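Visitor: One-letter residues, chain by chain:
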Amino acid sequence: MSQFSVPWQPKQPYSYGAPARAVIALARLTADIATPLLRRFPGPILIGAIVTVCLGVWAHALVFGYVDQRLLTQPVADAAAFSYFSPSTWGLSPTLLHARLEMAGGQGAALAGLLQYLLWPVQFQIVRDGIALGALFGLFNIIPVYVIWWERKVAGRIQSRVGPMRVGGWHGWAQSFADGIKLVLKEDLVPKEADGPLFRIAPYFTIIPTLVAFMALPLGATYVFRELDVALVFILGVLGVEVVGVIVAGWASNNKWSVYGAMREACQMVSYEIPMGMALLVPVVCVGSLNLRTIAESQAGGWFDWLAFSNPFAFVAFISYFIASLASCKRAPFDLPEAESELVAGFHTEYSGFRWALFFFAEYASMFVIAALAVILFLGGWNSPLPGSWGDALGDGLAAQGFKGLLFSGPIWLMLKSIFLVYVQIWLRWTLPRIRIDQVLYACVQVLLPLTMLLLLGATLWVWASTSDVGWWAVLTTIVTIILGLIGLVFAFGFVGIAAYGFYHRRRLVGNLVIDVLPGS
Amino acid sequence: MMSIGLTEYLVVAAVLFGAGIFTMITKRNAIGILIGVELVLNSANVNLVAFDRYLERCRIDGQILALVVIVLAAAEAAIAVGICINLYKNLATVDVDTAAKLRG
Amino acid sequence: MTSHTYEILLALGVLSPFVSFWILVFFGPRLGKPTAGWVGVALGMGVPLVLATVVLIGWRGEVASGNAAELTANAFRYEWAMLGTVPATVGVKLDSLTVGMFFMVTFIAFWIFVFSVGYMAGHSDEVGGKSKYHRFFAYLSLFGFSMLGLVVSSSLLFLFIFWELVGLCSYLLIGFYFDKGFASAAAIKAFITNRVGDFGFLIGLMLVYFQLGTLDLDVAAQRFAEQYAAGTGIFASHFTLFGWSLATIMGIGLFCGAMGKSAQFPLHVWLPDAMAGPTPVSALIHAATMVAAGVYLVARVFRLMTPEALMFIALIGCLTLTLMALIAIVQVDIKKCLAYSTLSQLGYMIFGMGCGAWIAALFHLITHAFFKAMLFLGSGQVIEGCHHEQDMRKMGGLRKKMPYTCWTFFIGVLAIAGTGIPAIGIGLGGYFSKDEILAVAYTRSYEWGKDDFHKHVPGEGGGHGAVEPADGGQAMLASYQDHGQAHGDDHAPAGGAQGIFENTPALPKWMFWLAIITAYVTPFYMMRCWWMTFMGKPRDKHVYEHAHESRLMFIPLVVLAVGTFVSSYFLFRPLFADAAPAATDAAMVMAIDGTADTEAVHHAHSFLIGGVGFAFAVGFAIAFLIYRNGLDLAERIRRVLAPLHTLLVHKYYFDEVYDLVWVKGCILVAKIARLIDTYVVDFLFDLAAFVTERLAAFSGLILDNQGVDGMVNGVAKTTMDVSDVARSGQTGRIRNYVLFSTAMATVVMLVLFWWAMQAGNFMTATSAPPVG
Amino acid sequence: MYCRGPEGTVLTKRLTAELAPSDSIGSSRLGGLWRLCGWGLAVAAVLVLVPEVRAQQKVIIEPTRVPYQSVEAPPSPLLEVLLFYAVAGSTVFGALAVCFTKNIVRMAVWLLVTLVSVAMLYFLLAANFIAAVQLIVYAGGTLILLIFGVMLTSKSPWVKFEPSKVEVVYAAAVCGLLVAVLAFILTATIWPPAQEQLDATTVADLGRSLMTTYVVPFEVAGVLLMIVMVGAAHLARQEKQSP
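Protein chains in written order, with numbering that gives the first Met the number 0: chain A, 0 to 520; chain B, 0 to 103; chain C, 0 to 771; chain D, 0 to 242.
Be aware that one or more of the hints could be misleading.
Unchecked claim - Here are the simulated DSS-like cross-link-like pairs (lysine-lysine), alpha carbons at most 25 angstroms apart as the crow flies: (1) LYS255/A <-> LYS88/B; (2) LYS179/C <-> LYS32/C; (3) LYS670/C <-> LYS716/C; (4) LYS164/D <-> LYS88/B; (5) LYS400/C <-> LYS540/C; (6) LYS536/C <-> LYS393/C; (7) LYS191/A <-> LYS101/D; (8) LYS399/C <-> LYS179/C; (9) LYS152/A <-> LYS181/A; (10) LYS164/D <-> LYS255/A; (11) LYS508/C <-> LYS400/C; (12) LYS191/A <-> LYS181/A.
What the hints assert, rightly or not - Distance windows between CB atoms, simulated: (13) ASP96/B <-> ALA17/A: 26 to 36 angstroms; (14) LYS540/C <-> PRO449/A: 18 to 28 angstroms; (15) VAL343/A <-> SER727/C: 15 to 25 angstroms; (16) HIS547/C <-> PRO449/A: 38 to 48 angstroms; (17) ARG38/A <-> LEU151/D: 28 to 38 angstroms.
To be verified - If we take Cβ atoms under 10 angstroms as the criterion, some of the chain C residues that face chain B in the derived model are: (18) ARG392; (19) LYS393; (20) ILE733; (21) VAL737.
No lab work stands behind these hints, which were simulated from the structure alone. Source: prediction; values computed, not measured. Quick reminder that beta carbons are idealized off the backbone N, C-alpha and C, glycines included.
Based on the provided sequences and hints, a complete structural model is requested.
Guide: And the structure:
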């Protein structure tokens, strides 16, 4: 065993159960298969994965569009009262389905008929919901894992290190999986003086609302689990519930630092929800809807149609929202509830293992949610920056649809933009110092709150003025849009340029550091 | 039982109401009483929204009233917590029985 | 441009100072001392001035191309709320009056703002160690917002709201140095005096609301005319008070507001005291905003005035212009002298309104605004330069130290005196505007009722074209139109006015003569003021040595001096003459244009040239003779006329009389009440107590021990028993109360339920239709 | 004899002494008789007045209205029924848990369960906006305020104040009776038949109502919120340190 002699009784090695062993085996298998490939072809695999995902999404859209058109719409049209809750399609037998298809005309080709039979379970709402929930849960799991990995990489680069490099091979791509396995297997400690039930349940209070927020968050025009007409308010609401978990965790730990962290969180969260909500009202006022799909589709058409560039108030509101959302998901420089240097990790001081991991899952998932919300509301959602008229020129053929789905709209664009905003959050965290609690509250009450109030008022007046029939107003709007859009373009190209410069000169920039001798760089 | 109508919602609201009253009666912590009040207000809101849904002449009105009640409840909670904190400052406890004496 | 464009421009002009106000309120302390002021200048008045210029130029084009009436008619009205059945509309009253006033207010106020930056640079702005610099400009911005809002309001309701805001701002600004007792007292005095006037305004507003059933100015005028035609509503014969119809009461009520704001005769006491504020504030109040608001109000509600009300207005204006001019003669404080001259000139304007000289009064308002702003800023320059010395007796000879101020001030003196060369058409300010008021007054006094008078009335018979822009060459325009333009030709009584004004009396001649005499007094006191300040020899070495000019402060002076020249020469008069037709829907407007050639104009001209054409020379000469060699001659005259001088120095003892009547009166009533309390009420109490005591002592032995005691104790014990039962619930614990009330509610519910079951109609739903 | 309760003993004694001067003067023989009369009067008043009130009540409560026949409601979709019972169950469970929990923070957590369940009830009632507002305001705002208040006022998580057992028994009896009566009355009432397939009320409709018909309550609520903000800040402010 150990060659060190320790003063305490060493624990007997824990014999893992069958599920844990299975997980470990699966992980090892994955690593064994993926590592050589990734080490060999990192670039092609990455690009290929992105393209595959795009094509998969496009194929999914085609198939489900077909299902909706051929299997659901036709039978439902003659059912008088179809409601979402109606189970009328639950028990539809293949025979009956076939009969209905015959009644509908049966002009489909053999392949179409085969497809219909192959896909008949998909017509049932409950089956589709099950599939969608599974996909959602997978997305919900994979996002934090890779955002955590990315954060560690970015942090490393910012601090002139390289970050995780070993696990899995290419740039330590499996680091988060390894951490996850470690955390699952760690002992779940509950302090003796803690309020046990609350302590145990608190992490779930943070993670479940985030998952629920994903349900109403559209990733594309049709990629939403439940399209709500009040989706924006709903997501704000459930993200507001998330904070209860943090507070309860801090309280139940029965630890002074944790309680301080919890109180800071409560204070900060309740304060910043107001400017955040008011900044979010700006696009709502501009578009006139709380439905996220309506808001995103109103920005279709290209870079200059994005809401942030259409209106100076929305431009400032975007920045205000971003700042307030940092505070509301307790990211740096507003990470006072978990300040390591002052509160020894604050509300999750006493947590370990899986419950600790849940907090981090929730944090990184909600980072993505607020970034996606910003993208949908201000940065055109799933629309690409390319002008929509270019896409119209392609026509409506199948290939053209795929091409358009790849280039002009679709979930991939939303993901790219959201990931970029997540990257900005990470970037801010590793470059800005934490601010004091009084500065936090000052910034909210005396700066952001009046600012967002003015923005809301201004946006209202802007919209009101836009409805008037004054000729030169349109000219003014166009000019403002072009100016704002150009500012955005300059930022975007500047960002890309600086990144390219840094990448090209990465060795020169860090000088004679160990990066030159480490593998994978 | 297979038909969900107004009555079912109202009965749920009635149970909420009873629970809220019970909480108000059996708690000596001022904030506990406040929680009871929130329950009672919620039961009223369930009633209002149920009427909104099921009675034709209450369309919109019920939801508007529910909104107003939510606003009032938020305001009431803010003030009540302020009072609790003041109570704690003055008496070093939030036991409402301690606050029952008239002498300052 | 469409009318919406003008409206949006004007609305932006109104909102810009509001934005400036909030910016200064929130970020003022951070902007620091000069920056906050410049923000106020740029956003508070610079932007509105630019917009006002654009609108003015555009509007002149519209008037020239004849689109103005259509634009006015197309103005947008937003229905903000329903007050009962009366809609409260928001909108911009788009006509020449608004455009002209808007430009005047923004132009003058802009230069006053600029001046303020320089003025406040040298002044202490701290109270209790905290700078109030940004607050000053915030107040100024709010003042600008209120005044501009007042000007553009299309509804009486919003006019009243902005009206009150103007009052509030004047209160804040007059009391800017609120740590000094006299300033806060002056602010309170201004506020309370204005409240007295606003009370009347409110009465008038309520009459409009209840009787005319609208708050929109246009609709109100239309209904006014309709009600006159039908003899109903406010013209119903059973509604009279002191022989006045309700319409007259309404008109006088509305005018009461103007009396307060424009400081007319009985309510004028606040204006001289308002000098307690910083000098730019005085300039702002006296030239562009506050006092102009009253005249503007009368011009706006002119169509709601009956002849009786107009006569009342003329009377008040006449009294004001005379009495205040006399006081100005004896003032030694430079700002107070200017204040009383303002009062007198306001009297002229109101008098002109009362006579029907609508255009001339507004014209006078504009010219007066320019030169009075300049005079006040000049006085501010003097006071600032002379180390906060305001006594003119200690000045003298300042022309060498502050030449710009001296000569711009002199231009102001010339303008206010109405200097000009008759029959050539060269003159300044009052020469055109004031003399036109006098000409109209002359016509109203002497030509009125003559048979041939109405021959000069073009378009007689009530056609709408009776009044045309004055630069169109119309000679004398006296239009009497009633409600019925549509059937205007049906009644055209020869030689008499029609409609509501057929009974309009001639102006009493003494009013006209008082105005004429005052036209001689004005040049005298203004020349006296200027001479004492700038000419002669220095009388106080300390003051003289300190005197200097500030660049930032004299630029506005020069600009306003140029403005005085420009504004005198019929720049604005056509604008108001264009606005006048809209005012004559139900009212009477007279205008006299010097270039015309008719008999009545000749009468007026020949009289006025002889009467007041050289009044300025006479006044100047007298002042020059008296003050040429210092103050000795003036002192001798003062001794000779001591009683009169005392009367004037004490301002006819108005403050004392108000103090005696209202303050002391209140105290007297209180004292009398106290005496009654002490000697009558207390006596009765003592008597009752004495009697009761004797009776009780007498009866106690017999009744008390048995019957009364028994009853009292019984009642007490019953009460005790009941309260003992009731007390068991009074634990002072909230949860017990909740428990009891819930139990009671449950019981009540059960009982009701039981009764309802008994009655057999248990709580059936009320909305569903009965089955079967 | 009137001194009861541990708290107000001294005060009550003094009051008793002041209220009953007759004891010191010497009680009269007729006092007892008057006392009897007082009680008799009270009883007579009750006996006379109650039938009077009842008679008047009768007039009000007996309009000539034909009782409606009960219309059998159509069965609801299965999923809706299942969801309703699940959500109603969690609502009721959460509410009861709030009642019977002693620890104040746990109460708040159960309150969270109740509030979220009520929000889901609103979703079932097709009131999406109210549901979202319930989540934001109640779950995200009010509840956190409550927990915040607990944190500021509690010395230890285990401090408990308990009422007496008798009170709990009374409370249980009264509330049980209340719920029973309410449930009985509600189930005995015949409501008008529900509307078929109502769409969810759109936010636009709500907004339009708030800006037209209900503009006064809307504005009053705004003013109230502002007053409350000022008032709460005043209540919770730090006392100024005396120099």
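Visitor: Confirm or reject each hint.
Guide: To see whether the hints hold, each was checked on the structure:
In summary, the hint linking LYS255/A to LYS88/B is supported, as the alpha carbons are separated by about 20 angstroms, within the 25 angstroms threshold. Restraint check for LYS179/C and LYS32/C: the C-alpha separation of about 22 angstroms stays at or below 25 angstroms, so the hint holds. Distance restraint check for LYS670/C and LYS716/C: the Cα-Cα separation of roughly 47 angstroms exceeds the 25 angstroms cut-off, and the hinted pair is therefore not satisfied. A distance of roughly 29 angstroms separates the Cα atoms of LYS164/D and LYS88/B; the hinted pair therefore is violated under the 25 angstroms criterion.
Restraint check for LYS400/C and LYS540/C: the C-alpha separation of about 13 angstroms stays at or below 25 angstroms, so the hint holds. Note on LYS536/C and LYS393/C: the hinted pairing holds, with a Cα-Cα distance of about 10 angstroms set against a maximum of 25 angstroms. The straight-line distance between the Cα atoms of LYS191/A and LYS101/D is roughly 20 angstroms, inside the 25 angstroms bound, and the hint therefore holds. Restraint check for LYS399/C and LYS179/C: the C-alpha separation of about 33 angstroms exceeds 25 angstroms, so the hint is violated.
Of the supplied pair hints, the one linking LYS152/A and LYS181/A holds, its CA atoms being roughly 19 angstroms apart against a limit of 25 angstroms. For the given pair, LYS164/D sits about 34 angstroms from LYS255/A by alpha-carbon distance, which is inconsistent with the 25 angstroms threshold. The suggested pairing of LYS508/C with LYS400/C is violated, with an alpha-carbon distance near 47 angstroms, which exceeds 25 angstroms. A distance of roughly 24 angstroms separates the Cα atoms of LYS191/A and LYS181/A; the hinted pair therefore holds under the 25 angstroms criterion.
Evaluation of the 26 to 36 angstroms hint for ASP96/B and ALA17/A yields a failure: the beta carbon distance comes to about 57 angstroms. Here the CB-CB span from LYS540/C to PRO449/A is close to 54 angstroms, at odds with the stated 18 to 28 angstroms. Remark: the range hint 15 to 25 angstroms for VAL343/A to SER727/C is contradicted by a beta-carbon distance near 55 angstroms. Between HIS547/C and PRO449/A the beta carbons are some 42 angstroms apart, a value that agrees with the proposed interval 38 to 48 angstroms.
ARG38/A and LEU151/D have their C-beta atoms about 56 angstroms apart, which leaves the hinted 28 to 38 angstroms range violated. A hinted interface residue such as ARG392/C counts as satisfied when its beta carbon comes closer than 10 angstroms to some beta carbon of chain B; here the least separation is about 62 angstroms, so the hint is violated. A cut of 10 angstroms between beta carbons decides the hint on LYS393/C: the least distance to chain B is about 60 angstroms, and the hint is violated. A cut of 10 angstroms between beta carbons decides the hint on ILE733/C: the least distance to chain B is about 6 angstroms, and the hint holds.
Annotation: VAL737/C was flagged as interfacial toward chain B, and the flag holds, the nearest CB pair being 5 angstroms apart, inside 10 angstroms.
When the structure is compared with the earlier hints, violations turn up for hints 3, 4, 8, 10, 11, 13, 14, 15, 17, 18, 19 and for no others.
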